[in-house]
Structures are given as C-alpha cells and as structure tokens.
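Q: In case you want the letters, here they are:
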Amino acid sequence: MNAFKRKKNWYSSDRVMPKVLLGFSLISILTTFAIVFILLKESITFFSSVSVYDFFTGLKWEPLFAEPKFGVVPLILGTVMITFFSSIVALPVGLGSAIYLSEYAPDRVRTIVKPILEILAGIPTIVYGFFALTFVTPILQKIIPSTEVFNALSASIVVGIMIIPMISSLSEDAMMAVPRALRNGAYAVGSTKLEVAIKVVVPAALSGIIASFVLGLSRAVGETMIVALAAGLQPRISFNPLESIETLTAYIVQVSAGDIQYGSVEYLSIYAVGITLFAITLGMNLLANYISSKFREDYGG
Amino acid sequence: MKNFELQHIQRRKRSNRIMHILFLFSTMIGIVTLGILLVQIIAKGSGWISLDFFTHFSSRFPEKSGIKAAFFGTLWLMLITAPLTFIIGVSTAIYLEEYAKNTWLSRFIQTNISNLAGVPSVVYGLLGLTIFVRLFDLGRSLISGALTMTLLVLPVIIVAARESLKAVPNHQRNASLALGANPWQTILRVVLPSAMPGILTGSILSLSRAIGETAPLIVVGAASYIAFVPNSLFSDFTAMPIQIYSWAGRPEESFGQLAAAGIIVLLIMLLGMNLIAIMLRNKYQRS
Amino acid sequence: GSSSDSSNGSLSGTIRVDGSSTVFPISQAIAEEFMAKNSGVQVTVGESGTGGGFKKLIAGEIEIADASREIKKPKDGIASEAGKETELELLQAKGEEPLSFPIAFDGITLVINKKNTFATEMTVDELKKIWQKDSTVKNWSDVRAGWPNEEIKLYGPGTASGTFDFFTKAINGVEKESRADYTQSEDDNVLVKGVQGDEFSLGYFGFAYYEENKDKLTAVKVKLDDATAAVEPSIDSIKSGAYKPLSRKLFVYTTKNALKKPEVKAFLQYYNSPDAQKLIDFVKSIHLPAEDYEANLKLLQ
Amino acid sequence: MIDIQSLDLFYGEFHALKNVSMFLPEKSITAFIGPSGCGKSTLLRTLNRMNDMIKTVKIKGTVTIHGNNIYEPEVNVELLRKRVGMVFQQPNPFPKSIYDNVAYGPRIHGTKKKSELDDIVEKSLRDAALWDEVKGDLKKSAYGLSGGQQQRLCIARALAVNPEVLLMDEPTSALDPISTLKIEELIQQLKEKYTIVIVTHNMQQAGRVSDQTAFFLNGEMVEFSETDTIFSNPVDQRTEDYVTGRFG
Amino acid sequence: MIDIQSLDLFYGEFHALKNVSMFLPEKSITAFIGPSGCGKSTLLRTLNRMNDMIKTVKIKGTVTIHGNNIYEPEVNVELLRKRVGMVFQQPNPFPKSIYDNVAYGPRIHGTKKKSELDDIVEKSLRDAALWDEVKGDLKKSAYGLSGGQQQRLCIARALAVNPEVLLMDEPTSALDPISTLKIEELIQQLKEKYTIVIVTHNMQQAGRVSDQTAFFLNGEMVEFSETDTIFSNPVDQRTEDYVTGRFG
Ligand SMILES: Nc1ncnc2c1ncn2[C@@H]1O[C@H](COP(=O)(O)OP(=O)(O)OP(=O)(O)O)[C@@H](O)[C@H]1O
Ligand SMILES: Nc1ncnc2c1ncn2[C@@H]1O[C@H](COP(=O)(O)OP(=O)(O)OP(=O)(O)O)[C@@H](O)[C@H]1O
Ligand SMILES: [Mg+2]
Ligand SMILES: [Mg+2]
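Chains as they are written, first to last, in the working numbering: chain P, 73 to 373; chain B, 9 to 295; chain G, 211 to 511; chain Z, 325 to 572; chain F, 325 to 572.
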C-alpha cells in the first residue's frame with residue numbers, strides 16, 4: 073500500500089470546487105445558446121419571407137416603409153463606422169491614461185483619479201446620448217459647418233469616451249501587475265519612463281491590455297442608446313462620419329420600443345439583425361484571439 | 009561624454025516629457041468630460057433634490073415627483089446582481105485560468121464570454137424575457153431583472169478577473185503548493201488575494217454598467233410608473249435609469265430637470281456602491 | 211354612477227398597464243389619482259411601445275394596453291397564415307376578446323423654425339408633395355413658388371412609431387409610404403431641438419411636444435385644400451375636429467377576462483369619467499367629446 | 325529512503341535528465357552540484373512533484389520514498405509535499421505579513437489555535453535564524469525584508485509544516501556568511517530528524533554539510549558517492565576537474 | 325572618482341544608512357560586505373539613484389562622480405544610469421528574447437544598425453560567459469533559461485550599454501563556480517576600463533576580486549580599507565569577528 077495514496081473525500085473542497093466552478097463557467101455557454109436560439113428561431117421565420125441572399129447583399133434598409141427593403145449592408149456599415157471611430161478615440165486615450173496612471177502618476181493621484189474615471193462607466197447611456205447631441209455635435213458643427221444634427225462622429229466620440237474607463241482601468245491593472253524588478257532592470261540601463269512604459273511594461277502587460285481593448289470594442293459594437301440618439305436612424309451607405317447613419321443596435325432598439333406589431337416581418341427583422349450583429353462580434357473576437365495569441369508575452373515565471 | 013550621446017538623451021527626455029503631457033492629457037479627457045457632464049447635470053437637476061425627492065413616488069406633477077420606487081428598485085437590483093455577478097464571474101475566471109486545460113471546452117467557453125460582451129443590451133432583454141419571465145415563470149419581477157442584468161455584465165468581470173489571475177506570478181503558487189496546499193487552498197489564500205485589485209476593478213466596471221442600463225429592463229417588463237416599493241424578489245419594480253429615461257422623454261422642461269436630478273442620485277448611488285470596492289482595491293494594491 | 215364605483219376604497223389587487231409612450235403620461239396621471247382614491251390597488255404603467263403593450267396583453271402579463279393605434283386585424287377579415295397572425299388573431303387564439311376604448315386625441319403637429327415666416331400655412335397637397343415617396347422636393351421653392359430657394363431640412367419620428375404610420379396615411383394616403391431621406395428620431399425632444407436649430411427645417415411630432423415648446427417653434431397651419439381655411443393645431447381645434455387630417459385617437463385596450471377583475475373595471479370606469487378628462491388635458495393630450503366616454507362606459511357594463 | 329530509478333525528464337523535446345538513478349538514505353544530507361543548467365533544480369523538483377506544474381514536462385522512471393512510488397497515479401501530492409518540503413532558489417514569500425507567511429502551511433494543514441500557531445511561527449523563525457531580526461514586528465509585510473531575510477523567511481515557512489524531507493535549492497545563495505553558517509548548522513541539526521537534499525554552487529558548503537554528493541553534467545549524473553570521496557578522490561575525470569575548478 | 329560624503333538614507337522612519345563617507349577611485353574594484361540587512365544593496369542603489377524609485381526614501385549628504393553631485397536637482401538620471409550600470413541581486417530579464425534583452429539598452433540609446441547590434445549582443449554575451457550556451461537560439465525567450473543563465477544574461481544586458489561604473493549586487497550568488505569564476509575573471513578584466521562596486525556575501529570572492537572592501541553593520545560603515553587589510557588586519561573588532569566568521 074502506497075502511503076502517499078490517501079484518498080480524498082468526494083466532498084473535499086479540492087474535488088468539489090473545480091466542478092462547481094466549471095458549473096458556473098457553463099452559464100456563459102448556456103447564455104450564448106439561449107441567445108442564439110432565441111435569435112435564430114425568430115430569424116428563421118423572418119428568412120422565410122426575406123431571402124438570406126437579399127438580406128446580406130441588399131444595399132437598402134427600408135424595412136418599415138410601405139414597400140419594405142431588407143438589405144442589411146447599410147446597418148453593418150453604420151456599426152463598423154461607429155466602432156472604428158470610437159476605437160480611434162478610446163484606444164489611444166484609454167491606453168494613454170492607463171500608462172499615465174500606472175507609470176507617471178503619484179500613488180495618491182492614481183487612487184483618486186482611477187475611481188473618478190470609472191464613474192464614466194456608470195453614467196446612463198441616454199445621458200451620453202444627449203451629451204453627444206447637445207454638446208459634442210454643436211462643437212463639431214462650429215468646426216465643420218456641414219456636420220448634420222445627427223452624425224456618426226459625435227456618437228463615436230461619446231461612445232469612445234464611455235469605454236475609456238474600461239480600457240484605462242483594466243489596462244492599468246495589468247500594467248500594475250508587471251513586476252517591479254522588470255522596471256528596475258530597464259531603469260538601470262538608463263531608460264526614460266516613457267521607454268520603460270512602452271518597451272517593457274506595455275509588452276509585458278499586453279495580454280491584459282488586449283483583453284481590455286476587446287471588451288471596450290465589444291461594448292462599442294453593442295452600444296445602443298448613444299447611437300440611437302446621436303447618430304440618427306438613417307440607414308445609408310456612407311463613409312462620411314459627419315452624416316447621419318443607423319447601426320444594427322439602433323435599429324433593434326428603435327423597433328423593440330416602437331409601435332410595430334409583434335410577430336410581423338418588420339418586427340422579426342430585429343432578430344435577423346441581432347444574429348448579424350452576433351456574427352460580427354464573433355468574427356471580431358476570433359480575430360482578437362488570433363492577434364493576442366501572436367503577440368502575447370508571458371512573464372509568469 | 010560624447011556630445012551626440014548627450015543630445016540623444018536630451019531628445020529622449022524630451023519625448024518622455026511630451027508623452028508625459030499627452031498621457032496626462034488623455035487622462036484629463038475623461039475627467040474633463042465627466043466634469044462637463046456633471047456641471048450640466050447638476051446645473052439642471054440639483055434644484056430638484058430634496059428630501060421629498062426621495063420620499064415621493066413619480067407623479068404627473070413634476071414638483072410632487074420623487075424617485076422612491078426607482079431608488080429602492082435599483083438598490084434591490086444591485087443587492088441581488090452584485091453578489092451573483094461576483095460569485096459567478098470570479099468562479100468562471102478561476103475555472104478558466106486555474107483549472108481548465110487548454111481543451112476545446114475551455115476555448116469554447118472563452119470565445120463565448122468575449123462574444124457575449126458585444127451582444128447589445130436589448131438582446132439580453134429579449135433573453136431575460138424569454139428565459140426568466142416566460143420559461144422560468146418568474147414574471148416581470150425584480151429577480152427576472154436582476155438575473156438578466158447579471159448575465160449582461162458577467163463578461164466584463166470574467167475578463168477582468170481572468171487577466172488579473174493571469175498576472176499573479178507563478179512563484180507564489182509554487183510556494184503554496186510546495187507546502188502541501190491543494191490547488192483550491194492555493195487559489196483561495198494566495199492567488200485570489202493577489203488578484204483582488206483587478207477583480208475589484210472588474211466588479212466596479214460591471215456593476216457600473218448594470219446600474220445605468222435601461223433597455224434590457226424595459227424589455228423584461230419593468231414599468232416606468234410604479235408607486236410602491238418592492239417587497240420581495242417577485243415584486244414588480246422600476247429602476248433609476250428607467251425613471252430617468254421616462255422623465256427625459258417627457259415634453260415638459262421640468263421633467264427634464266427631474267431626470268437630471270435622478271442622474272445625480274444615480275451617480276451618488278454608483279459611487280456609494282463602488283466605494284467599498286475602491287477602498288478594498290486600494291488596500292490590496294498597497295500590500 | 212361610475213365615479214362612485216371607482217372611488218370604492220375596498221378594492222384591492224394589481225393592475226398592470228403597458229404600451230405606447232404617447233399614452234403613458236395619461237395612464238400615469240389616471241393611475242396616480244385612481245390609487246389616491248383606492249389605496250388597496252396598485253397600478254403600474256410601463257412604456258414599451260404599442261406593439262410591446264399588445265404583446266404583453268396577449269401573453270396575459272398585463273391587464274391594460276396603451277395604444278397609439280388600433281389593434282392589428284387581418285386585412286379583409288381573411289385569416290393570416292400560421293406564424294404571421296395579427297395581434298387580434300393571436301389574442302383570439304388565446305380565447306380572449308379585446309375591448310377597445312378611445313380615450314384621447316393627439317394632434318400631430320407640423321413645426322417650423324421661429325425664423326421661418328413664410329411657411330406658416332400649408333395645404334395637404336403641398337405636404338404630400340414634400341413627404342411622399344420619392345419626392346423630388348429639395349428646396350422650399352419647389353413647394354410653392356415664391357418661397358426661398360433654400361434646402362428643406364426634414365425632421366420626423368422613427369419609422370417604427372405609430373405617429374409615422376398615422377402621418378403617412380393621412381398625408382400620403384398610404385400607411386408607411388414616405389420619403390426616406392429625412393432626419394429621424396424616436397425621441398420627440400430631439401426633433402424639437404433639431405427644428406429649433408435649423409432655420410429652413412420642417413418637422414412633425416406629437417402635439418404635446420409642440421404645446422410645451424411653443425416659444426421655440428412655430429406650428430404650421432394646415433388646410434385640407436385651397437378652399438378651406440387653414441387651421442392651427444390647438445386644444446380647441448383638435449377637440450372640435452377642425453384640425454384635419456392630422457388628429458388621431460389614442461386608445462386603451464383590455465380583454466374580456468381581465469375586465470372580470472373588479473379593480474380593472476373600476477380603473478377603466480375612472481379612465482372614462484369626467485375627472486379623468488381633466489387629467490388628460492393636464493398632460494397636454496386632448497380629451498374626446500363626452501359621447502365617446504359615455505360609449506366607453508356603456509361598453510364596460 | 326528516497327530511491328530514484330532510471331529517471332528521464334523532458335521539457336517538451338529537451339532531454340533535461342538522463343537516466344538518473346540514486347538512493348538517498350534516511351536522515352542523510354545529499355548535495356547536488358554541477359554547472360548551471362545541468363539539471364540540479366529539475367531533479368530536486370521531481371522529488372516533491374513540483375514539476376507537475378510545468379505543462380511540457382514528461383517523466384519516465386520511478387521515484388520511491390519509503391518504498392512508495394510517488395509517481396503512481398493516485399498519489400496525493402499535497403500529502404507528499406507536506407512531507408517533502410521545499411525551499412526555492414529565489415526567495416518567494418507571499419505578499420502577506422511575516423507571521424502569515426510562516427503560519428500559512430500550518431493553517432493549511434489544519435492548525436487553527438492562535439497560541440499553537442504563535443509557537444510554530446516563533447520556533448520556525450528561530451530555526452531559520454530570522455527571529456531576532458523580525459520579532460519586533462511580525463505584522464510587517466514580507467516584501468519589506470532584504471533579500472537574505474526573505475530567503476530565511478522562506479526556510480522558516482518550509483520548516484513550519486514539519487516535513488520529513490527538506491529540499492533546498494541553493495538556499496544560502498542570497499545569504500550573508502553568518503546567516504549561511506546558521507543555516508548550515510540548522511541543516512546539520514535537522515539531519516537528526518529529516519532527510520535533506522541541497523543544491524549548491526558552493527563546494528565548501530557541499531563539503532561542510534553533506535554526507536554524499538552527486539555531480540551532474542548536462543542532465544547526466546556523472547558521479548554519486550560519499551562527499552569526501554567526491555572532493556578528494558573522484559572516480560570521473562570530469563568530477564575532478566569540476567571540484568578543483570579546472571573545468572571549462 | 326565616486327565620492328560619498330556623509331550619506332544618510334531613510335526608508336520612511338527607518339534609518340538604513342548612517343553617515344556613510346567613502347571614496348572609490350577610478351578603475352578600482354570595491355566590495356561591500358556585511359550581514360544581511362545591513363544596507364549594502366541600499367548603498368549600492370544610491371550610486372545610480374535607483375532609490376528614486378522607492379517613494380519613501382529620503383537622502384541626505386552627497387554622492388559625486390567625477391566631481392558632479394549626482395543628487396543635484398538637474399541631474400540627467402538616464403545619462404547617469406547609462407554610465408553607472410547595475411546588475412541586481414535577483415535576475416530580472418525582460419519577457420523578451422535573449423537577443424532583445426541584450427539589445428534593449430543599445431537600442432534605447434540610439435543604436436539602430438542590425439549589424440552593430442549583433443556585434444554588441446555577441447560581445448556582451450561573451451563577456452558575460454553566456455555566449456556558448458545560447459548562441460544557437462538567440463530568439464528563445466529569456467524565461468526559458470536557468471536561474472544562473474538568467475543572471476549572466478542580466479550582466480550581459482548591463483555591459484551592452486558600455487558603462488563606466490558597474491554596480492553588482494551579489495551578481496554570482498545564483499551562479500555555479502565555473503560561471504562565478506568566469507564572472508570574476510570578467511570583473512578583473514573590466515577593471516581596466518571600468519570602476520566596479522560589488523556586493524557579496526562571499527568573503528573569498530571579495531578577497532579574490534576587490535581592491536578595497538567596506539564592511540557594514542546596521543547601516544553604518546564600520547571599516548573601509550584595502551581588501552588585504554580588512555581580511556588580514558582589520559582595525560575594528562567587529563570586522564575581525566565578521567570576516568573570521570566568529571560573529572553573532
Ligand atoms: N520550464 C522549463 N522549460 C524548458 N526548459 C527548462 C525549463 N526549466 C529548465 N529548463 C532547462 O533545463 C535545463 C536544466 O535546468 P535547471 O533549472 O534544472 O538547471 P540547474 O542545474 O538548476 O541550473 P542553475 O544552477 O542555473 O539553477 C536547463 O538547460 C534549462 O534551460
Ligand atoms: N523598500 C524598502 N522599504 C523599507 N525598508 C527597506 C526597503 N528595502 C530595504 N529595507 C530595509 O533596509 C535595510 C537594508 O536593506 P538592504 O536591502 O540594503 O540590505 P542588504 O545589506 O542588501 O541585505 P541582503 O544581504 O539580505 O541583501 C533592511 O533592514 C531592510 O529591511
Ligand atoms: Mg537551479
Ligand atoms: Mg541586498
């Protein structure tokens with residue numbers, strides 16, 4: 073008999089907890105399944121009236137007019153545009169403030185500023201929507217008079233601001249977790265703070281930084297109210313951010329809070345739009361996984 | 009010292025200074041925006057905040073309107089959502105980071121989680137309506153709303169918690185395991201405390217999102233006008249952002265000001281809720 | 211003695227109202243007063259859109275649906291194919307019968323910028339010229355000779371709203387047939403801001419929003435044709451029916467079974483009482499002629 | 325007592341230990357010496373299965389302790405590791421107070437009573453020659469200690485669970501001579517109760533403390549015998565070159 | 325060349341260095357010895373202002389290098405640290421490839437040419453006695469190296485920026501005797517061009533490599549003179565006790 077073979081009780085925390093934890097992890101799978109199921113079920117009914125091909129290739133999205141046209145391309149374009157411009161705002165600004173907080177700011181500044189920035193994450197999105205409309209848009213119109221009342225740029229800027237705390241806080245945590253010894257090694261050969269930050273800390277914290285980018289961008293893709301209020305409800309194929317556009321999410325909220333009859337083709341279109349959005353985020357995530365697995369550097373040793 | 013070298017260092021120091029200012033500026037963008045928002049909101053709404061604002065229900069008379077129902081609704085919602093989110097979120101993160109082998113299952117779970125982060129909140133509303141309200145027959149109740157919110161904000165805390173678990177140096181785990189601690193003890197006593205700052209950041213961010221979301225609650229069936237305080241998990245309820253949304257949509261200017269007052273209260277609630285997490289985070293980060 | 215019934219303090223239970231956000235302020239006001247008189251009854255009012263209200267009524271989740279349009283019925287009484295049933299059919303499939311109560315007017319108001327002094331009245335034909343599908347009107351001068359050669363900026367509600375449906379039917383003759391290239395928002399406050407900030411704009415939305423912003427906007431007087439006089443939207447002109455063709459009725463719906471609950475019945479009786487008419491006016495909707503309420507009360511018996 | 329039989333270890337493709345066999349008697353002190361990268365730490369880690377943690381590791385052969393093969397499938401590694409303690413090459417205290425660092429092990433293994441823990445902490449810190457320096461403030465964070473103090477803390481932490489075997493990976497490389505001497509004395513004392521394996525780069529140390537010494541080169545065990553033999557009369561030329569410093 | 329005058333250093337309230345004064349001539353090797361926690365690392369860090377990183381540190385007194393007080397407000401610390409290189413007690417390679425670790429310093433200081441970098445990397449690795457072990461795969465992550473290899477990598481990294489002064493905090497404590505010997509030889513060679521300060525627990529090492537030795541106790545410099553004097557004929561009783569191992 074091997075003296076080291078002491079059987080663990082089935083109820084020992086060490087044996088039970090992994091199963092419990094796995095159980096909790098499965099919630100996210102169940103959630104995804106439920107979402108896909110709900111979206112798909114209604115989408116199928118929708119696609120019995122509208123051809124899948126027309127839906128994904130159509131260039132006109134006029135689902136609620138007397139002669140409806142279901143071409144989802146303009147909505148996808150709107151979503152891509154908002155995501156693109158908001159990430160132009162949020163990624164550099166978020167990363168910049170993360171670097172500032174973790175590498176430059178004195179401890180006291182950091183402990184005060186970080187929670188202040190985090191308040192930005194809790195402001196209801198309609199507040200942001202009105203902020204975009206009544207504060208940012210007028211400024212844009214002063215700078216570029218051709219700016220429309222509803223425009224993608226203003227919404228993007230504000231969506232970008234909304235996701236700043238997500239990026240700055242999470243990136244900052246990741247950077248704070250980089251061991252001091254690494255920084256010391258860099259300082260000792262005469263690095264400036266900037267070089268320590270950019271060449272040592274950011275690469276070492278890359279996994280966390282990328283994770284924060286993905287979360288931030290996902291939020292931008294899924295953001296609804298700001299876009300619905302400030303970017304307008306004008307599905308069109310346009311690459312001009314100063315024009316009004318419509319995103320996938322704005323359409324979903326427009327219809328789901330509107331007076332349309334449930335079960336009608338128009339109504340069901342939101343499920344098809346939802347599935348489209350789901351596919352887009354999936355693609356984005358797979359891409360992000362690929363990128364981060366390529367650039368990840370471990371320092372766990 | 010060679011002259012060009014000095015110049016080079018001076019140049020590097022200059023770019024360091026410039027970037028320092030740019031980084032500071034980035035930080036200021038968020039703070040200034042928040043400042044502008046707060047000034048606007050406070051200018052508009054602060055005149056409406058009084059004791060009555062907390063003790064009255066919503067009303068057709070702006071001056072008699074209060075946020076009692078919404079305040080307690082949100083309070084309840086957070087009291088349910090916060091622990092659920094924390095437990096499920098941190099558990100999932102631990103499983104993925106500490107236990108899961110690199111199998112298809114764990115990769116699948118991971119993809120699911122980051123994917124869920126991008127699902128718009130209305131869709132979570134539809135989910136809550138279908139699953140909790142209809143399938144589980146919980147009705148348009150607090151618990152349905154809270155469960156929906158939990159699912160909505162889970163990805164944020166999971167991702168944040170995972171990243172901070174990942175950043176805990178392995179030598180700490182090794183030290184514990186070498187003393188004969190089992191993996192679970194190691195996680196509970198060594199890894200989690202080290203990862204706590206990041207986990208708490210995740211909690212702050214996810215609960216911030218939960219407290220400000222409107223659309224999913226409306227879809228789940230929270231009403232805009234309720235003149236009572238929820239008294240059980242199965243009560244009808246309304247919440248701060250719904251009340252704010254409803255007021256903001258009214259034509260009368262004074263309701264718009266009430267909405268601003270509501271936002272002030274919401275932000276104070278948010279800050280109050282985050283305070284514990286912020287204090288804990290500062291404490292863990294110092295050690 | 212409907213009012214004496216409804217002030218019976220011994221009633222208890224919960225009444226859930228949900229649906230159109232246009233009707234919401236009315237239902238809220240009624241609920242507030244009703245609860246003041248019947249402390250045992252709890253009334254909740256939601257605003258998830260007319261479609262949402264009907265859906266919940268069909269699902270049995272609420273007792274009363276607020277609606278800014280009538281319940282959808284199969285065209286020509288021919289039953290719809292499976293999966294595409296109308297709201298009425300879905301309700302009937304549950305063994306329910308809807309009861310419809312018109313409870314107020316809403317006058318859809320066309321508004322122009324305060325600086326606009328030429329377009330203060332328009333005919334229905336001119337409006338149609340502007341708003342019809344594929345309209346070629348670009349500038350004000352295209353509408354009526356002599357008007358400035360300035361681009362018309364058009365503002366209107368989102369295509370998912372009951373207001374859009376009603377306006378297109380009344381002006382263009384076909385429901386949901388409209389030009390698409392106008393600035394849309396689901397939020398009427400946003401439309402107010404848009405027209406207010408744009409000198410050559412034209413927009414339309416619910417009367418309450420105009421009434422509240424009279425000092426910032428000018429309402430367009432509408433005439434049916436050149437022969438009739440132009441009518442300005444006002445409480446009186448809408449109430450009397452003189453403001454044509456843009457005043458519509460708002461409704462509340464309940465079901466036969468829901469009405470079996472005494473508190474629901476009492477609530478609806480109160481809704482149609484003379485007290486309620488004051489409340490309706492208070493929230494800037496316009497109450498119907500007394501006969502309509504009497505008819506409603508008769509239906510309730 | 326510890327019997328290693330034809331042990332091979334791979335890090336992925338890399339063959340880090342090649343057919344190592346040795347027997348370590350009970351209550352003896354064994355030193356592993358050899359140039360950097362030869363596999364000393366790797367072999368040490370196989371004795372309490374800390375290599376389990378490294379995903380790429382593959383092991384062939386057996387390690388038996390008291391006749392029990394520790395690589396059998398159902399072995400309880402926690403029990404194994406409680407009985408086979410370890411001190412690492414680099415000090416790795418927990419980000420906790422000094423007290424909590426030492427009390428960590430006993431707490432894990434079920435000691436709850438404050439007075440009992442106090443005793444263990446004091447005794448372990450004394451044994452690790454750290455008590456006098458830290459007794460004033462046991463609540464202080466372990467990270468505030470100097471490198472040497474941290475390493476002694478880690479030794480105290482390992483002693484606190486009262487192991488049978490103690491594996492030490494260059495335990496004194498960060499220590500000053502006095503602490504080193506104290507630790508060496510401690511090792512000598514512990515030998516009365518424990519079986520000790522020590523990796524060291526310090527020939528004098530190996531000579532001073534160990535009963536037998538194994539010399540490694542490129543993953544191979546070149547020679548293993550009485551310490552005196554290794555240092556004064558090695559069989560293999562490479563051993564001789566190494567211990568006399570003529571190597572490389 | 326390096327002139328330390330009445331230096332006091334506090335960690336918050338804790339008085340870690342007490343009125344230390346000493347002069348380190350150019351192209352000499354100075355060893356700091358003393359028991360763990362006496363302040364050797366702390367003093368070493370004052371010479372390239374690495375203590376700036378620790379928020380609680382307060383410093384009184386002056387340190388001048390080539391007559392320039394390095395604690396004057398306008399001092400260019402990047403330049404200072406380029407000229408005063410440092411190797412730490414614990415190896416701290418970057419999570420990058422071996423090549424990128426060594427090339428890090430030259431790159432930030434403006435060397436861009438690949439061929440030039442290649443040369444520097446090879447030379448530095450050779451000087452640090454690591455070249456032969458890693459030349460096969462310079463793209464490999466530094467984390468895949470053994471502890472000793474990592475430390476030699478850090479020495480190579482410090483050499484790569486071509487410093488004037490080299491501060492070494494127990495640079496060989498993680499090394500095997502052969503690497504240690506190589507590093508010691510290297511130190512002797514570097515002396516021709518560089519001023520070197522080395523913290524060590526190894527008396528033999530101090531005796532072998534250094535020209536002068538300073539002995540510290542509780543933050544005080546007890547004695548500082550020619551290495552031979554310190555080891556054979558110290559003035560202070562405490563020094564004698566320490567170097568002969570009779571201390572404590
Ligand atoms: N986790 C790992 N993955 C891959 N290779 C490793 C790993 N750990 C060690 N090695 C390699 O295995 C060999 C033996 O390493 P080990 O750490 O056992 O050496 P060592 O004898 O302890 O050296 P030192 O005296 O420098 O500590 C080395 O070549 C090292 O590069
Ligand atoms: N960051 C710090 N904060 C507070 N106290 C510190 C800090 N670093 C070191 N000390 C204290 O200062 C004293 C001197 O520490 P130092 O690291 O200089 O010792 P040392 O002589 O290098 O010891 P060792 O040989 O163990 O490395 C010790 O008592 C230590 O606890
Ligand atoms: Mg080793
Ligand atoms: Mg030291």
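Treat the hints as calculated values from the structure; they're not laboratory data. We treat Cβ as the ideally placed atom computed from N, Cα and C, and that holds for glycine. Some hints could be false.
Interface residues of chain P toward chain Z, partial, derived using beta-carbon atoms under 8 Å [to be verified]:
(1) ALA75
(2) LYS80
(3) ASN81
(4) LYS91
Q: Which hint numbers doesn't this structure obey?
A: 3 and 4
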